[in-house]
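First to last, the sequence lines map onto chains Z and F.
For the first sequence, counting from 1, position 99 maps to 99 in the numbering used here; every step adds exactly one.
To convert a position in the second sequence, counted from 1, into the numbering used here, add 1000.
In case anyone wonders, no lab produced these hints; they're calculated from the structure.
Do not rely on the hints blindly, as some may be mistaken.
[Said to hold, decoys possible] List of simulated lysine-lysine pairs, DSSO-like, C-alpha gap at most 27 Å:
id, chain 1, residue 1, chain 2, residue 2
1, Z, K169, Z, K96
2, Z, K53, Z, K124
3, F, K1184, Z, K96
4, Z, K28, F, K1184
5, Z, K169, Z, K28
6, Z, K53, Z, K168
[What the hints assert, rightly or not] Some chain F residues well away from chain Z (every beta-carbon gap over 10 Å; in silico):
id, residue
7, F1062
8, V1127
9, E1312
10, P1450
11, K1491
12, G1532
Virtual Cβ for every residue (Gly too), placed ideally from N, Cα, C.
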Amino acid sequence: MFDHSKAPDGTFFNFHKEPPVRAYEFFKLGMWIFLATEVLFFGGLFAAYFIFKYTWPEVFAKGSAELDVVYGGINTIVLLGSSYTMALAVDAAQRKQKKPLFWFLVATFGGACLFLVIKYIEWKGKIEHGFLPGTDLFFGVYFMTTGLHLIHVLIGMYFIGLLIVRAKKGRYTDEGSSHAGVEVGGLYWHLVDIIWIFLFPLLYLLGGNH
Amino acid sequence: MSHENTEYRPYLEPKGFYAWFWTVDHKRIGLMYLYAILFFFLLAGLCALGVRAELFYPKTQFVDHHGYNVLFTLHGTMMVFLFIVPGIPATLGNFLLPLMIGAKDVAFPRLNILSFWVYLLGAAVVVFSLIGPPGSAWLDTGWTFYTPYSIDSSTGVIPVTLGAFILGFASILTGMNFIVTIHKMRAPGMTWHRMPLFVWSLYSSSLIQVLATPVVAITLGLLIMERMLGIGFFDAGLGGDPILFENMFWFYSHPVVYIMILPAMGVVAEILPVFAKKPIFGYRAIAYSSLAIALVSFFVWGHHLFVSGMSEWSRWIFSLLTFAVAIPTAIKVFNWIGTLYKGSVLLDSPMLYACGFIFLFTIAGLTGLPLATLATDVHLHDTYFVVAHFHYTMQGGTVVALVGGLHFWWPKMYGRMYNETIAKVGFWTLFVGFNATFIPQFVMGYQGMPRRYADYLGEFHDMHFLSSVGSMVNGLAYFLIFGNLIWAVYKGKRAAANPYNSLSLEWQTPSPPPLTNFDEVPTVTDWTYGYGSKQA
Chain Z
1 MFDHSKAPDG
11 TFFNFHKEPP
21 VRAYEFFKLG
31 MWIFLATEVL
41 FFGGLFAAYF
51 IFKYTWPEVF
61 AKGSAELDVV
71 YGGINTIVLL
81 GSSYTMALAV
91 DAAQRKQKKP
101 LFWFLVATFG
111 GACLFLVIKY
121 IEWKGKIEHG
131 FLPGTDLFFG
141 VYFMTTGLHL
151 IHVLIGMYFI
161 GLLIVRAKKG
171 RYTDEGSSHA
181 GVEVGGLYWH
191 LVDIIWIFLF
201 PLLYLLGGNH
Chain F
1001 MSHENTEYRP
1011 YLEPKGFYAW
1021 FWTVDHKRIG
1031 LMYLYAILFF
1041 FLLAGLCALG
1051 VRAELFYPKT
1061 QFVDHHGYNV
1071 LFTLHGTMMV
1081 FLFIVPGIPA
1091 TLGNFLLPLM
1101 IGAKDVAFPR
1111 LNILSFWVYL
1121 LGAAVVVFSL
1131 IGPPGSAWLD
1141 TGWTFYTPYS
1151 IDSSTGVIPV
1161 TLGAFILGFA
1171 SILTGMNFIV
1181 TIHKMRAPGM
1191 TWHRMPLFVW
1201 SLYSSSLIQV
1211 LATPVVAITL
1221 GLLIMERMLG
1231 IGFFDAGLGG
1241 DPILFENMFW
1251 FYSHPVVYIM
1261 ILPAMGVVAE
1271 ILPVFAKKPI
1281 FGYRAIAYSS
1291 LAIALVSFFV
1301 WGHHLFVSGM
1311 SEWSRWIFSL
1321 LTFAVAIPTA
1331 IKVFNWIGTL
1341 YKGSVLLDSP
1351 MLYACGFIFL
1361 FTIAGLTGLP
1371 LATLATDVHL
1381 HDTYFVVAHF
1391 HYTMQGGTVV
1401 ALVGGLHFWW
1411 PKMYGRMYNE
1421 TIAKVGFWTL
1431 FVGFNATFIP
1441 QFVMGYQGMP
1451 RRYADYLGEF
1461 HDMHFLSSVG
1471 SMVNGLAYFL
1481 IFGNLIWAVY
1491 KGKRAAANPY
1501 NSLSLEWQTP
1511 SPPPLTNFDE
1521 VPTVTDWTYG
1531 YGSKQA
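Construct all of the structure, not just a fragment, from the sequences and the given hints.
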C-alpha cells in the first residue's frame, strides 16, 4: 500500500509536515462534527424510547423493574472514572508528560474492560431469565440502546488501544509533535460516557420500581 | 502560474490503476466518483426505461407485476443511494472545492479516498443484493423500504439496507471533510463573503449530510434488527408503530432532497454570472438562503405522511413549514433572474443548462405547493403528480445542473473542449424528451392515476404512451451528451486555461491543474464576481 506519510510535499495536506497547531485544529473540528452525527445517530433511538414510553408506560415500568440498579450504578461510576482518567491523559499530553500519559490511557482502557465485564454479567442474566430483544418493547429498546452503546465502547477501546501504543513510542510527547490524537480520542470517549449518563436514568431509574 | 512553467505536470499524470485507486488527490477522487456514479446512473436509467416500456400499453407486455415492482425498486434505490446523493458534492464538489478556495487539497485527503472506497463497498453490497442470486426473488419494496411490507417481504431487504447504511458513512465522511476544509483551508484573503456561491451551497449541503444521514442509518439499522430479532419497534403486534418508520425515514430522506438540490443551485450560480458578464445579483441573499433551506429542511418531513395517519395539528404545522421552504428558494430564483437582467447573455451550452435548470426547477417548486396544501394533497398523494414533481427537482434540477456543470468545468478537468454543436443538440433533446415524459404525468396524476402500478385503465393510454415516447428521447439525450464529453477527453480541441474569462480561482491555474492545484498559494483581494468592472 502507498505510504501517505512519505508522499512528496504538497501532493496533499500532509499532517506530518504541517505545524502541530494546524493539525490540532483540523482534527478537533472534524471530531466535533463527527460527535454531532453521533448525537443524531442515538437521537433516533432516544426518540423511539420516549414515544414508546409515552404510549406504553406500564410495559416500561415492568421492564425497568427487572433491571439491576446496582450493576447499572457501578457501571456508571466505572465509566465516569474512565472519563476522568481520559481527561487526565489529555492534560498529560498537553504538558508533554510521556509516562503519565501512558498510564492514564491504560487506566482508561482498564475502565472500559471493567464496563464490558459488568455488562456481560448483566446481559447474561437477562437472557437467562428469558428477557430477549423480542420479549416486549422495553427490552427491544433496552437491548438496542445498550447494544449500540456497547459497539461504541468497543470502537473507543480500539481507539484508546491505538493511543496507548503510540503514546509508548512518544508520538504525542516528542519535541514538535502534535497531541491532537489524544485530544480527539478523549472527545470521543467523553461522548460514549455522556450517552451512558442519559441511558442509565432513562432505563434503570425512570421505571417506577423504587 | 503559467503554461511556460517547466515544472508543470497536470494531475492526470501518472496514469495507471494503482496511481488512481490509491490516490489522495481530490481531483482524481472527484473524477473516480464521477465515473462510478455515472455507471449507476446508466443502470438505474435503463431500469426507468424498462418501466416506461412496460407502460406503453395497458396490461402486461414485458414484465409481470412482480417484475415491474423490481424494476422501479432497482431504479429508485440505485438512483437515490448510488447516483444522486453522492451526485454533485462528491464529483464536482470534490474536484472544485479546494481549487475554488485556493487550497492544495481537502482537509482530510485520506478520509476522502476512504469515502470513495466505502462508497464502492456499499454500492457493491446494494447492487449484488438487489439483484440476488439466480432464482431468488429480487427486491420489490420500493426504495423507501416502508414497514410492514419490508419486514414481511421475502426479498433481500437486510443486505440492501446494510448497503445503504454503508453508503451513509461515505456521505458523512465527505460532508465532514468539506466543512473542515471550508472552515480551515481558505486561502489568505478568501473571507466567507468572498467565497464562490458553489462553496456556500456545498457548505449547506454538507451540514445536512452530517446531521441527517445518521438518522437514516439508525432507522435502517433498526429495520435490520426488526427482521433479525423481532425487536417490535415497527411491529404493531408488539405495540410498535409502522408509521414510526416512515417518520424516521423521512427525517433523513426529506433533507436529503436538499443535499441533492443545493449544490445544483450552486452550480447555476457559478455559470450565470460568467455567461451574463455581470456580477451575481444578491450575493448574500443567495448565500444565506442556502443555509436557510438547510435549516428548514429538517422540519418538513411530515408532509410525506399527510395521508399516513397524523394528528390534525401536526399536519397544519408541517404544511406551514413546507410552504416556508418556498421563501429561500424563491429568493434564489429571483436573484438568478436579476443576474441575467441587462446582462450580455451568451447562450453557450453551460448557460443553456443553467437557464434550463431555472425553468424546470421553477416548475418543480411550484408543483410542490399543491402537495404541501393539505386539501389538494389528499387528492394528489401517491399519484403520478408526485412522481412528476420530484422528477422535475431531481432530473430537471439536479441532473441538468450536474450535466451543465460538467460542460462548464470539463475544459478545467481535462484541458479539452467538447463539440459545442452536439452539446447544444444534446441539451435540446434532453429538454424536449424530459418535458414530454413528465408533463403528461402531471396531467395523469391530476386525473387520478396512482403511482407504482404496472397496469392502467384505457383512458390513461394516450398520456402514458406520450410519456413513454418522451422517456426514450430523454434516455437517448444522455448518450449524446456523455458521448460528446467522453469524446472530448480523447479528441477534443485543446482548451485555454480560462476559456470563459471567469474570475473564479479555479480558472487562474493551468487546465488541467497541476497536482498541487496552484504553484503558490494565491492571495485573494476581491470577491469572485467582479464582472464588468475588471474585464470585458
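Consistency of the hints with the structure:
For the given pair, K169 (chain Z) sits about 13 Å from K96 (chain Z) by alpha-carbon distance, which is consistent with the 27 Å threshold. Between the alpha carbons of K53 (chain Z) and K124 (chain Z) the distance comes to roughly 25 Å, so the proposed pair stays at or under 27 Å and holds. For the proposed pair K1184 (chain F) and K96 (chain Z), the alpha carbon gap of about 25 Å is at most 27 Å, so the pair holds. Of the pairs offered as hints, the one joining K28 (chain Z) and K1184 (chain F) holds, with about 11 Å between alpha carbons and a cut-off of 27 Å not exceeded.
Taking the CA atoms of K169 (chain Z) and K28 (chain Z), the gap is near 22 Å; set against the 27 Å cutoff, the hint holds. Note on K53 (chain Z) and K168 (chain Z): the hinted pairing is violated, with a Cα-Cα distance of about 47 Å set against a maximum of 27 Å. Annotated as non-interface, F1062 (chain F) keeps its C-beta farther than 10 Å from every C-beta of chain Z; the closest such distance is 40 Å. Distance check on V1127 (chain F): its Cβ is at least 25 Å (rounded) from any Cβ of chain Z, clearing the 10 Å threshold; non-interface status holds.
Even its closest Cβ contact with chain Z, about 19 Å, leaves E1312 (chain F) beyond 10 Å, as expected for a residue assigned away from the interface. At roughly 30 Å from the closest C-beta of chain Z, the C-beta of P1450 (chain F) stays outside 10 Å, upholding its exclusion from the interface. Taking the minimum C-beta to C-beta distance to chain Z, about 30 Å, the non-interface status of K1491 (chain F) holds against the 10 Å cut. Taking the minimum C-beta to C-beta distance to chain Z, about 35 Å, the non-interface status of G1532 (chain F) holds against the 10 Å cut.
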